[in-house]
Amino acid sequence: MELTRRALLRRGIEAGLALGLLGVLGHGLYALNRPYARGLLASAAELRGLLADGDAGIRVLDARPLLQYRRGHLPGAANVWDGDLNVWTDVPRRLAPAPQLAEVLGRAGVSRERPVVVYDGGEGVWAARLLWALRYLGHPDVRLLDGGLAAWRAAGGALTTEPPRVEPTTFEPRVRPELLVEFDELRAALEAEADVDVDADDKPAPLVPVDARTPREYAEGHLPGALPLPADALLRRDGRFRPAWLLKVEAERAGVPLDPARKAVVYSNTGLRAALAYVGLSLLGLDVALYDGGLAEWKARGAPLVRVRAAPAGAGVVEEHRSTCW
Amino acid sequence: MNAWAVVSGLIVGLAFGYALQRGRFCVNTAFRDVVFIRDGTLLRTWALAVAVQLLGLQLLMHTGLFPAEPDVPPLWPAANALGGFVFGMGMVLAGGCASGTCYRVGEGMLGSLLALLGFGLMTVVVDRGALLPVQEALRWSPSSSSGEAPTLAALLGLSGGSAGQLLLALGVGGLVLLWALWTGLRRGVRAPHQRGWPWLLTGVALGLIGLAAWVGSTATGRAYGLSITGPIRSWFLWLVTGDAGWLDWGSWALVGLIAGAFVAARLHGEAKLRVPPPGRTLQALGGGLLMGFGAQLAGGCNIGHGFTGLAVLSLGSLLTTVMIVLGAWTASALLFGAPGERLAALWERLTAQARRLAQPQAQTQAQQEEGSR
Amino acid sequence: MSRVEAKSEALKELQELQEKAGKVHTLDVRGEICPYPLTETKKAMARLEPGEVLEVLLDYPLSLETIPRWAEGQGHKVLKVEERGPAEWRIVLKKSGG
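Chains as they are written, first to last, in the numbering used here: chain A, 12 to 337; chain B, 13 to 385; chain C, 352 to 449.
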């Protein structure tokens, strides 16, 4: 009796371990093959196919400076440079008022009825900023060419210097205010969170600030409660976005809650790298908004900053924990 | 650090420790037995595990199911060679390789516990402490023009993801697999007086556990499989600095390993606290220190290099593994017998083999002659 | 079975074996791990006369398999492999020849 019970226990534990192993294998393969959220990225090969069709009616926008655009661009691409979309006041690079944007986009032949694909030289930030602006203005179908011009060329895509035939349209903006966070709102939210008793079983703060700058900039001063997610960590070396599973790992490492009920507010100094983080976190299906004023405005308004003296445990200092043995 | 890294690390570690204890898997014994008692059972287990993991991982990679780029340990010729050799000598003194020592800690061997503590201490001493200059002096890599990871495939000019690379992996893995099965199945799966798992079960189980480790660990952002040196270093660094950022999937797998070995030993009436004779205690500590020094210098032990690194055909891992074997043989010869005697025995065996190969022919000739008469 | 009983049982068996084989030598390698149980057994067997019996007391699971495997490879006879108590075993070997 005693012996059979023991044998049964052995079998049970061995079966449990085998099942656990299968679970890890299955979950791991599932996680590694996690797809991007749909409708944000277009691969170079995909775009080539779509453009070859001709009927897709896609409007391609080149987000590089005009001079670079003139030297060669995707066939049919119109140029929309960052400088035309933003204004420089006491705070650098803020999104221009909606009517001005509508005019710029209308000249480039953008309407809400036609899908848009944006690209830049492969830096990602310019195209990401344009994508965010278009979404903010209510465009329902904007995608980013993954890897930009470099990926297009690597995929065998041709360039042209021929100016495209662009029929000006009227772009009717339908502003989505939930994609842009202003200073007052953010400051109030962060202060409210700071006031909340730690022990109180309150709902978690709805706004989670995410700093898209480098770990060093983060250490020198960031918004209270901000999580470090360097924009560099979102891209591969060739400028394409990292695969979804790796984006998720980076977001988890930074501590970003993977909870669509909470909103991540990305920021950088002037909103360029923040736009990249906007795309990166949106690829995980999260609810993301951009604090356009960025650290420049936050500092100028004299709002409190947090400095890091020692490296925080496990946060954003990944290179510190490099492996030197396996 | 997310909770899943802890859970999946612990699960894989538990299974690993369980299989190590039931299969009595010790690379130290495996390499030594081949020469000193001419028994290849454990060597076959190891080869089988390596082959199963190699084939599994390469197939997953080439079918696109495993889309990550695995971490390939760098090639540091001097550090790999010296580190591997010292590690090999150390494990003979300590009475077990890294995995063997860990599972024996789970069985309750206090000598092995001492060796493990020495091992962990030395990894930190070499990596950030007094012996850092040694590591810095010896860890240089030959310049690579292609910028590709130092693997056997890159050495042969096969680029990543190509069909040639897959063929190479299938070829190497298939040969090892065939050798293990061919030589093993002729001798039978189960030996008389066997209490633990037969070699076939242990080998296949370890290979699959290694594969699950690759997948589970990579999904948490650590693009590597099973290892022991890195994780034990991470625990010591965490203890010393209090920085929890050091702990990752591998750290939890190491905890699981020891716990899994304990569970296995306990369930089979093999767990008990055991103390070696006094002299042997010191020897185990010394062996552990040497193992830590060698493994940290080489960038891994018989698991990180000699098992997991081989799955990506890393050149550094191949070199380290060869040097671990040589170090183990050297130390065994010095400790347990006149080296000359052993060599003579080996020579005699080889010549006997040659004679045996030649004999059947002579016999048939003789028979023919007899028949014609 | 209590410990004392187990011991007396083992003693009885030992006597039986001694009667049968003439003489039994004992090697205690409890506490030792790789490779000492095996190397000590090899040394002890080398000192034995053909036909003599050696009992090895050990608590190291790995050697529980390698010692019989080695002994059979050498042509010695493995008379017994048995559990003596919690995580403690006894292997009885008879030297070849004689």
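I should point out that these hints are in silico values taken from the structure, not numbers from a laboratory. Just so you know, even glycine gets a beta-carbon here, dropped at the ideal spot from N, CA and C. There's no promise every hint is true.
As the list claims (entries may be wrong) - DMTMM-like, lysine to aspartate or glutamate: derived pairs with alpha carbons at most 25 angstroms apart: (1) C/Lys431 with C/Glu406; (2) A/Lys274 with A/Asp298; (3) A/Lys274 with A/Glu173; (4) B/Lys284 with C/Glu434; (5) B/Lys284 with C/Glu400; (6) B/Lys284 with C/Glu360; (7) B/Lys284 with C/Glu406; (8) B/Lys284 with A/Asp243; (9) C/Lys394 with C/Glu416; (10) B/Lys284 with C/Glu391; (11) C/Lys393 with C/Asp379; (12) C/Lys374 with C/Glu360; (13) B/Lys284 with C/Asp379; (14) C/Lys394 with C/Glu360; (15) B/Lys284 with C/Glu433; (16) C/Lys363 with C/Glu400; (17) C/Lys394 with B/Asp139; (18) B/Lys284 with C/Glu439; (19) C/Lys393 with C/Glu416; (20) A/Lys274 with A/Glu228; (21) C/Lys393 with B/Glu360.
As the list claims (entries may be wrong) - Quick list of simulated restraints, FRET-style, between CB atoms: (22) C/Glu360 with B/Ala90: 58 to 68 angstroms; (23) A/Asp243 with B/Gly254: 44 to 54 angstroms; (24) A/Gly87 with B/Pro79: 25 to 35 angstroms; (25) C/Glu360 with A/Ala29: 50 to 60 angstroms; (26) A/Gly83 with B/Asn14: 36 to 46 angstroms; (27) B/Ala175 with A/Glu202: 25 to 35 angstroms; (28) A/Arg320 with B/Leu251: 28 to 38 angstroms; (29) A/Arg49 with B/Arg198: 26 to 36 angstroms; (30) B/Gly254 with C/Lys363: 52 to 62 angstroms; (31) B/Arg198 with C/Glu360: 39 to 49 angstroms; (32) A/Leu269 with B/Thr195: 44 to 54 angstroms; (33) B/Leu285 with A/Arg253: 33 to 43 angstroms; (34) B/Leu338 with A/Arg320: 47 to 57 angstroms.
Outcome of the hint check:
1. C/Lys431 with C/Glu406: OK: lysine 431 of chain C and glutamate 406 of chain C at ~9 angstroms, within 25 angstroms.
2. A/Lys274 with A/Asp298: Given that 25 angstroms is the threshold and the Cα spacing comes to 5 angstroms, the pair holds.
3. A/Lys274 with A/Glu173: Distance ~43 angstroms between lysine 274 of chain A and glutamate 173 of chain A Cα, so the pair is violated.
4. B/Lys284 with C/Glu434: holds (14 angstroms)
5. B/Lys284 with C/Glu400: violated (35 angstroms)
6. B/Lys284 with C/Glu360: Roughly 23 angstroms separates the two Cα atoms, so the pair holds.
7. B/Lys284 with C/Glu406: holds (21 angstroms)
8. B/Lys284 with A/Asp243: violated (52 angstroms)
9. C/Lys394 with C/Glu416: holds (18 angstroms)
10. B/Lys284 with C/Glu391: holds (22 angstroms)
11. C/Lys393 with C/Asp379: Roughly 13 angstroms between the alpha carbons, so the hint for lysine 393 of chain C and aspartate 379 of chain C holds.
12. C/Lys374 with C/Glu360: With a Cα-Cα distance of about 18 angstroms, the restraint between lysine 374 of chain C and glutamate 360 of chain C holds, given a limit of 25 angstroms.
13. B/Lys284 with C/Asp379: holds (17 angstroms)
14. C/Lys394 with C/Glu360: Violated, at roughly 28 angstroms.
15. B/Lys284 with C/Glu433: holds (17 angstroms)
16. C/Lys363 with C/Glu400: With a Cα-Cα distance of about 23 angstroms, the restraint between lysine 363 of chain C and glutamate 400 of chain C holds, given a limit of 25 angstroms.
17. C/Lys394 with B/Asp139: violated (41 angstroms)
18. B/Lys284 with C/Glu439: holds (9 angstroms)
19. C/Lys393 with C/Glu416: Holds, at about 14 angstroms.
20. A/Lys274 with A/Glu228: Roughly 23 angstroms between the alpha carbons, so the hint for lysine 274 of chain A and glutamate 228 of chain A holds.
21. C/Lys393 with B/Glu360: Holds, at about 20 angstroms.
22. C/Glu360 with B/Ala90: 58 to 68 angstroms: Given a distance of about 59 angstroms, which is inside 58 to 68 angstroms, the answer is holds.
23. A/Asp243 with B/Gly254: 44 to 54 angstroms: With Cβ atoms ~28 angstroms apart, the hint is violated.
24. A/Gly87 with B/Pro79: 25 to 35 angstroms: Because 32 angstroms falls inside the window, the suggested range holds.
25. C/Glu360 with A/Ala29: 50 to 60 angstroms: violated (39 angstroms)
26. A/Gly83 with B/Asn14: 36 to 46 angstroms: holds (45 angstroms)
27. B/Ala175 with A/Glu202: 25 to 35 angstroms: For alanine 175 of chain B and glutamate 202 of chain A the Cβ distance comes to about 60 angstroms; the hint is violated.
28. A/Arg320 with B/Leu251: 28 to 38 angstroms: violated (23 angstroms)
29. A/Arg49 with B/Arg198: 26 to 36 angstroms: violated (56 angstroms)
30. B/Gly254 with C/Lys363: 52 to 62 angstroms: holds (60 angstroms)
31. B/Arg198 with C/Glu360: 39 to 49 angstroms: holds (40 angstroms)
32. A/Leu269 with B/Thr195: 44 to 54 angstroms: holds (50 angstroms)
33. B/Leu285 with A/Arg253: 33 to 43 angstroms: violated (48 angstroms)
34. B/Leu338 with A/Arg320: 47 to 57 angstroms: holds (49 angstroms)
In terms of the numbered hints stated before, the structure departs from hints 3, 5, 8, 14, 17, 23, 25, 27, 28, 29, 33, listed from lowest to highest.
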